[in-house]
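S.K.: Following the hints, put chain D in place on chain V, whose structure we already have.
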Amino acid sequence: MEKLLGTETVKRGMARMQKGGVIMDVVNAEQAKVAEASGAVAVMALERVPSDIRAAGGVARMADPRIVEEVMNAVSIPVMAKARIGHIVEARILEAMGVDYIDESEVLTPADEEFHLLKSDFTVPFVCGCRDLGEAARRIGEGASMLRTKGEPGTGNIVEAVRHMRKVNAEIRKITLLNDDELMTEAKNLGAPYDVLKEMKRLGKLPVVNFAAGGVATPADAALMMELGADGVFVGSGVFKSESPEKFANAIVQAATYYNDYDLIGKLSKELGAAMKGIDISKLSLEERMQERGW
Amino acid sequence: MGTIGVLGLQGAVEEHIRQIEALNYKGIVIKKPEQLDIIDGLILPGGESTTMRKLIDRYGFFEPLKQFSLKKKPIFGTCAGMVLVAKSLVDANEFHLGLMDISVKRNAFGRQKDSFETNLKINGLENPYKAVFIRAPYITSATEEVHVLATYDNHIVAAKQKNILVSAFHPELTADKRFLELFTQMVETNMNQPGYTC
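Protein sequence lines correspond, in order, to chains V and D. Just so you know, we're using numbering that gives the first Met the number 0 here: the first sequence kicks off at 0 and counts up by one. Just so you know, we're using numbering that gives the first Met the number 0 here: the second sequence kicks off at 0 and counts up by one.
Simulated from the structure, these hints should not be mistaken for laboratory data. It cannot be assumed that every hint is accurate.
25 Å max Cα-Cα, derived BS3-like pairs, lysine-lysine [claimed, not checked]: (1) V:K269 <-> D:K31; (2) D:K120 <-> V:K32; (3) V:K266 <-> D:K31; (4) D:K70 <-> D:K31; (5) D:K65 <-> D:K30; (6) D:K71 <-> V:K204; (7) V:K204 <-> D:K25; (8) V:K2 <-> D:K112; (9) V:K2 <-> D:K120.
Derived, one-sided and incomplete: chain D residues facing chain V with beta-carbon distance under 7 Å [what the hints assert, rightly or not]: (10) G1; (11) L8; (12) Q9; (13) G46; (14) E47; (15) T50; (16) K53; (17) A107; (18) K112; (19) S114; (20) T117; (21) I121; (22) V131; (23) A174; (24) R177; (25) L181.
Some chain V residues flagged as far from chain D (calculated, every beta-carbon gap over 12 Å) [said to hold, decoys possible]: (26) R65; (27) G85; (28) E94; (29) A273; (30) W294.
Built from N, CA and C at the ideal position, the CB exists for glycine as well.
So here's chain V without its partners, still in its complex pose:
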């Protein structure tokens, strides 16, 4: 019986198994175990969480493979890791290490300011950020098997994630209403591959799973993103930069599952301690914003 590895079904399917769940950024084995115990569906192994990347400045690169390895050995849930946009070799290293998913991420300093990775070339699946349907479609065209809103990472401010989720969903709704003969011009306007748009129109939705990311700091934030149609939630700095990571992790996982049970989310939000300190997006200069990275 022929065995086919890394097919589109296998790569996109992997993300489908993560639906309704929370993926947490972790920087060591100990945090990974806290995330797993809270019910996270996967962890993202990093050297620094986004808010620390912001604070540290300089060039942010792929994590030290030792950290990724440590996390892979610590938990049985899937482990993701970030490679710089367009950094073919960082991505190949992570693939060779057996990482379950690679995030081609704007949180790291881009290695290529013109081209993204040709993700269809890899056996390992990729997740990419998007702010609108054009960006989503381009990433899918390159072979991304999963998307996430970019939001504004490391800010603890949900406003950009909300903006991006609403934008993608509104543009999808528009696509489904277009006549077939109007689709090519829309592809031109959005900067989206025509075939990908056609598939979206046929399905009435994105052909891949779309999580929310970039600013989730509380259980209510996670539930809000689910309410707006996210398939799941990435939490970056929100868990381990809060006052009580275990409590936050547990509460955010439950809030994602029961996002429309407001009594429950109210209870979950009680006496959690301080959430991560947030940043007003308007106080960030253009150079400090991560969401503009990616093309």
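M.R.: Chain D only, in chain V's frame:
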């Protein structure tokens, strides 16, 4: 026609619902234990078994799920669902629901890069079936009461015992409805028993 529930704590829930509806059954997402009383069959979907188990405990699903099985109502566990129903797990001290006499190894085929699809010969299906394995488990041993439905590389990847059906692969990720039909037949047979009440 009966109603089939999909445990909706996490994982590929919507994908199962779509297939259930394509076979003209009513599909509902199960988020509360009391919903188990209104369904004729239950699917434990693919997802992360450790996550699902945590949520099963947290929301009081553990005993109601066991009761559901004691009533002989059909249960179909896919991937993570197969891990949840096993009586023992390789490399773990604890098992979860313990509904089926099988021993299961988690992530048995390896990590995501080893995930694959293949054309599988399944007992009861005439033509090969495209099976999608994602960080999949397999059954390392089963008692005589368990009917093996499919093997891959000499490992058991689909089986049935009384009211429980399991697959290591994901029928919900392909358009082929034949494997789910094996389950709806179980639901149908159970509903046709004299004195059946939901």
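S.K.: Does the claim that A273 of chain V lies off the interface hold, with its Cβ farther than 12 Å from every Cβ of chain D?
M.R.: holds (24 Å)
S.K.: Between K266 of chain V and K31 of chain D, is the straight-line Cα distance small enough, at 25 Å or below?
M.R.: holds (17 Å)
S.K.: Holds or violated: are the alpha carbons of K2 of chain V and K120 of chain D at most 25 Å from each other?
M.R.: holds (13 Å)
S.K.: Are all C-beta atoms of chain D more than 12 Å from that of G85 of chain V?
M.R.: holds (21 Å)
S.K.: Does the nearest C-beta of chain V fall within a distance shorter than 7 Å of the C-beta of L181 of chain D?
M.R.: violated (20 Å)
S.K.: Tell me if K112 of chain D is really an interface residue toward chain V, meaning its C-beta lies closer than 7 Å to one of theirs.
M.R.: holds (5 Å)
S.K.: Does E47 of chain D pass the interface hint, meaning its C-beta sits closer than 7 Å to a C-beta of chain V?
M.R.: holds (5 Å)
S.K.: Taking the least C-beta to C-beta distance, is G46 of chain D closer than 7 Å to chain V?
M.R.: holds (5 Å)
S.K.: Would you assess whether E94 of chain V, listed as outside the interface, keeps its beta-carbon beyond 12 Å of every beta-carbon in chain D?
M.R.: violated (7 Å)
S.K.: Min Cβ distance, T50 of chain D to chain V: is it shorter than 7 Å?
M.R.: Holds, about 5 Å.
S.K.: Is it the case that R65 of chain V keeps its Cβ farther than 12 Å from each residue Cβ in chain D?
M.R.: holds (18 Å)
S.K.: Are L8 of chain D and chain V close enough, Cβ to Cβ, to be under 7 Å, as the hint says?
M.R.: At about 6 Å, which falls below the 7 Å cut-off, the nearest Cβ of chain V leaves the hint on L8 of chain D intact, so it holds.
Hint compliance for this structure: hints 2, 6, 10, 17, 21, 23, 24, 25, 28 are not met, and every other hint is.
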